[in-house]
Amino acid sequence: MNSANSLAEPKKWERYFWPLLATALFLALWHFSVRWTGTRIFPSPLEVERGMAELIRKHVLWADIVDSLRRVAIGFGAAALLGIPIGLTLGWYPAADQVVNPTMQILRPISPIAWIPVAIIFFGVGDNAAIFLIFLGAYFPIVVACINGVSNVPSMYRRAGRNFGLTPAQLLTKVIFPAALPQIIIGLRIALGIAWLVVVAAEMIAVDSGLGYLIIDSRNSGKRYDLVVAAMLLIGVIGLLLDLAFRRLEKIKSVRWGFRNVS
Amino acid sequence: MSTTPIAALTHPPTATTTKLSVENVNMVFTRDGKSTPVLADINLTVHDGEFICLVGPSGCGKSTLLNTMAGFLSPTSGTIRIDNEPVTGPDARRIFVFQERGVFPWLTVQGNIGFGLFKLPRAERDERIAYYIKMVGLEGFEETYPNELSGGMKQRLEVARALAVNPDMLFLDEPFGALDSITRLIMRGELLRIWHAERKTIIFVTHDIDEAVQLADRVVVLNSRPASIQQIVTIDIPHPRDLSSPRYLELRDGILQQIGLAHRV
Chain Z
1 MNSANSLAEP
11 KKWERYFWPL
21 LATALFLALW
31 HFSVRWTGTR
41 IFPSPLEVER
51 GMAELIRKHV
61 LWADIVDSLR
71 RVAIGFGAAA
81 LLGIPIGLTL
91 GWYPAADQVV
101 NPTMQILRPI
111 SPIAWIPVAI
121 IFFGVGDNAA
131 IFLIFLGAYF
141 PIVVACINGV
151 SNVPSMYRRA
161 GRNFGLTPAQ
171 LLTKVIFPAA
181 LPQIIIGLRI
191 ALGIAWLVVV
201 AAEMIAVDSG
211 LGYLIIDSRN
221 SGKRYDLVVA
231 AMLLIGVIGL
241 LLDLAFRRLE
251 KIKSVRWGFR
261 NVS
Chain C
1 MSTTPIAALT
11 HPPTATTTKL
21 SVENVNMVFT
31 RDGKSTPVLA
41 DINLTVHDGE
51 FICLVGPSGC
61 GKSTLLNTMA
71 GFLSPTSGTI
81 RIDNEPVTGP
91 DARRIFVFQE
101 RGVFPWLTVQ
111 GNIGFGLFKL
121 PRAERDERIA
131 YYIKMVGLEG
141 FEETYPNELS
151 GGMKQRLEVA
161 RALAVNPDML
171 FLDEPFGALD
181 SITRLIMRGE
191 LLRIWHAERK
201 TIIFVTHDID
211 EAVQLADRVV
221 VLNSRPASIQ
231 QIVTIDIPHP
241 RDLSSPRYLE
251 LRDGILQQIG
261 LAHRV
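Residue numbers (the working numbering), protein chains in the order written: chain Z, 1 to 263; chain C, 1 to 265.
Some hints here could point you the wrong way.
[To be verified] Derived, one-sided and incomplete: chain C residues facing chain Z with beta-carbon distance under 10 Å: (1) P86; (2) G89; (3) D91; (4) R94; (5) V103; (6) G111; (7) F115; (8) G116; (9) L117; (10) F118; (11) K119; (12) Y145; (13) E158; (14) V165.
[Unchecked claim] Per the computed footprint, the stretches of chain Z lying under chain C, defined by three or more beta-carbons under 8 Å from a beta-carbon of chain C, are: (15) 153 to 164; (16) 174 to 180; (17) 252 to 259.
The set of hints was computed from the structure by calculation and includes no laboratory data. Values in this document were obtained by computation on a predicted structure and should not be read as measured data. Where a beta carbon is used, it is the ideal one built from N, C-alpha and C, also for glycine.
Chain C on its own, in the form it takes in the complex (with noise of 0.2 Å):
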């Protein structure tokens, strides 16, 4: 359970301020009085600003993790904080994605991204409405329902509702995974533009390899249940970055070799 990154990868983080720290965290899952460990001893340091992709294999706990850090669910023993603060429950500064697309059906384009803004006056409001529409390229659908939209779309929408109440974390848990792979490639770009543009701290839970490296500052892998950080990865390549470049290359089959995976199908 060494933290230490692969080979001579140390390229220590620029960012100073910390923004959640992961502080000995156990969980245990109590089911027909059988206990199933399944996060067992977790640290982990996040900055402000930082994109972290949690990868492992399925089922392994990482979107337990990620339920965690959020809120929705307390550790059997050790801490969250967030900003210094012990995490007690969800909070609307750190908005939590589905991956099953939480996009309420019942509301229109409009009606999903201003959820959250019901504390704002009308004409505030409708302009973050109106801006947010734009960034996700949604113009034109202003009133159409969810069950209208492709699957690329309503995450892009979720995404938007997230994004429109400004929170200063993103919780994004495999967010493309029911995309085709054209689709997802586009939602990558369109978060990286969005993560630059906003400079919001992102964790995302992914089980794609590629898509970890391709996104994150460090990629962190986790081993099968329970789960437990195997190795904390910095991804040295500045953005946009080359999908053949060497570097890449060598930082992805590093990863798959740690998971015990042969980069040959």
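So here's chain Z without its partners, still in its complex pose (with noise of 0.2 Å):
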């Protein structure tokens, strides 16, 4: 009854149930994969739940925390404030888009991973250096979801401004921006998920708080896998948390036309 495409509705208990059972069974064969090999290194669900609570009884987890999200904070929104009128100005003037556009191909698919060299000769070991790896890794996903939200809002809507008697730059805040912004959103979400995957691996190497240095000081002092494997669980988690919250722009009214499946 209840099979994979059934088109009814699930039963409002079935919604939680399946997701939950899928989860213990993960925990289930998580915790008895470590049993049966006998492994020393590897922690089992129950131990990482042990250091968790080691960490927050520590009351370092929760600076780490807030030194993480800040940096992500600091380096998307710097990303957002200059790519979103960069990416703006690139789609309204197609021949700025053409010059500049194979230099910005080139550096789009270098990881900010490569860069962290580069970051800290510009910025030193530090806060900075991290925050500028994040930019990067958000700074071309939004400038490329403005560029092409603005290349692909319908001629109509341009020409209906026109015909209104808009300047150019009215057009450009009354009909392009808010025409592109469901893409703009799409963009800004990509690009938050990028900062927070950054975010970590730059604090591996070039400071020494948040989350991703708590990964890799938890194994360098006593190879703490208990500990390495909640921090991991965390940023899971708080990246979720990010996107969920992101997600709720798409309901705003005024961009809800621009996403599907959105009643």
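Both chains come to you apart, so use the hints to assemble them.
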């Protein structure tokens, strides 16, 4: 009856039951794999849970979370602040886009991780290097989303705007920007996900606080793999929460039209 | 390419002031080094307050002609004059209503109707918005976004947005093409009511000959690409028009024959 392709709405208890069951199975598989292999290095879920409790007790966890979030906020914020106007401009003037596009296409696929040595030359070992790497990771998806957003604005919206006597500046703010906004939001969401990936890597190398540092520090000081895995899970949960928070933007009425599957 | 009406239908237009004149307009599109003539030597005079329908087979270039009149395209040669001034671009005094429903999905019904009124003081703008919401029967939907409206409501919204800036001309490009037949009939009635009340000059593109004969003072029949004027038919039936009167059928069948269609399915 409850086959996978059933068109009927799943019952309320089913919506929670199956995901919970899958999670429980995953934890059980993890637990018994640790047991059966007899590993002394890799922690079982219970050990991770105890490790998590220890981190909370020692009050270092909160400071690390705040540091990571702060770096992401600054790096991502700067990328958005710079990337949105630049992306809108490049989308608005295709001639300018053609000039910078080749350079951008070469820089874009370079992982921010590859920039680490360069970032350290520029900014030294410290917060600024980490923020710079996050900025790099977030900047390109935002610019590309803005360019595509603007160039995909249906010509009839532009023409309607011109017809009503808008100046080019008004056309940009009253027609092009709101029409491109759903795509810009998608770009920002992707960029935020990347920023959260990059912060962990950056903190392993450039700084001595944050969740990435917590992972590398737990390993280096006594091979505390229970703390390593606890920090990993925390990174996953916070990343999910950030994404869910961002998705709420898609429900705003003036952009909702641009997203499918939203009633 | 005669411009004499069919048989003895000569009814000289009563209006005297010329609103729009199309003079020897030619349009050639060039793409990949291949040039395609789209409009061939179009000459047309439209009087102030007149309702003109452009009909012709689909793809014949009637939309191109309308876009040229509205200033979105410039002709390869020839001139278009409105109020005796050459058209150089779009203008808020003449609003184009798009066939693909150009309402802005990020604005509410109110926001859409008020879109062109940004130069007015707040109070006057609100008053006009309320007036046109009432005129097109969208009361109660002021705060609604277009996605939650039916096709007919969206089309009425777009017409209201156009009327709100009080233009002297409307260009309508198959505005009712995507509507179901009942809504389409209602919308035609609405448009005629608005036209009677506000006396705009209307240029209306359609491929539906019935629609043209129901609405227009004169029907301009275009032939296939490159479009040229095949015939201009004066519809001398007073409004409201009886769609089963012999005169209506005679005019409609005359145009159908012009286009080369037998009126049998």
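Verification of the hints:
1. Interface restraint check for P86/C: the shortest CB-CB distance to chain Z comes to about 18 Å, outside 10 Å, so the restraint is violated.
2. This hint holds: G89/C has a C-beta 8 Å from the nearest C-beta of chain Z, less than the 10 Å allowed.
3. About 7 Å separates the beta-carbon of D91/C from the nearest beta-carbon of chain Z, less than 10 Å, and the hint is met.
4. Here the hint on R94/C is kept, as its CB sits about 8 Å from the closest CB of chain Z, short of 10 Å.
5. For V103/C, the shortest C-beta to C-beta distance to chain Z is roughly 9 Å, which falls under 10 Å, so the interface hint holds.
6. Annotation: interface hint on G111/C holds; nearest CB of chain Z at approximately 9 Å, less than 10 Å.
7. For F115/C, the interface hint holds, the least distance from its beta-carbon to any beta-carbon of chain Z being 6 Å, beneath 10 Å.
8. The restraint placing G116/C at the interface with chain Z holds, with a minimum CB-CB distance near 4 Å, inside the 10 Å limit.
9. Restraint check, L117/C versus chain Z: the minimum CB separation of about 9 Å is within 10 Å; hint holds.
10. The beta carbon of F118/C is positioned within 10 Å of a beta carbon in chain Z (closest approach about 8 Å), and the interface hint is therefore held.
11. The beta carbon of K119/C is positioned within 10 Å of a beta carbon in chain Z (closest approach about 8 Å), and the interface hint is therefore held.
12. Because the beta carbon of Y145/C sits about 6 Å from the nearest beta carbon in chain Z, less than 10 Å, this interface hint is met.
13. Checking E158/C against chain Z by beta carbon gives a least distance of about 9 Å; that is within 10 Å, so the hint holds.
14. At a threshold of 10 Å, the smallest CB-CB gap from V165/C to chain Z is about 6 Å, leaving the interface hint in force.
15. Note: the stretch 153 to 164 of chain Z has 8 residues with beta-carbon separation from chain C under 8 Å; the three-residue rule is met and the coverage holds.
16. Figure legend: the stretch 174 to 180 of chain Z, annotated as covered by chain C; annotation consistent (4 residues with Cβ-Cβ distances under 8 Å, at least 3 required).
17. For the stretch 252 to 259 of chain Z, the proposed coverage by chain C is satisfied: 6 residues have a C-beta within less than 8 Å of a C-beta in that chain, meeting the threshold of three.
Hint violations for this structure: number 1 only, all remaining hints satisfied.
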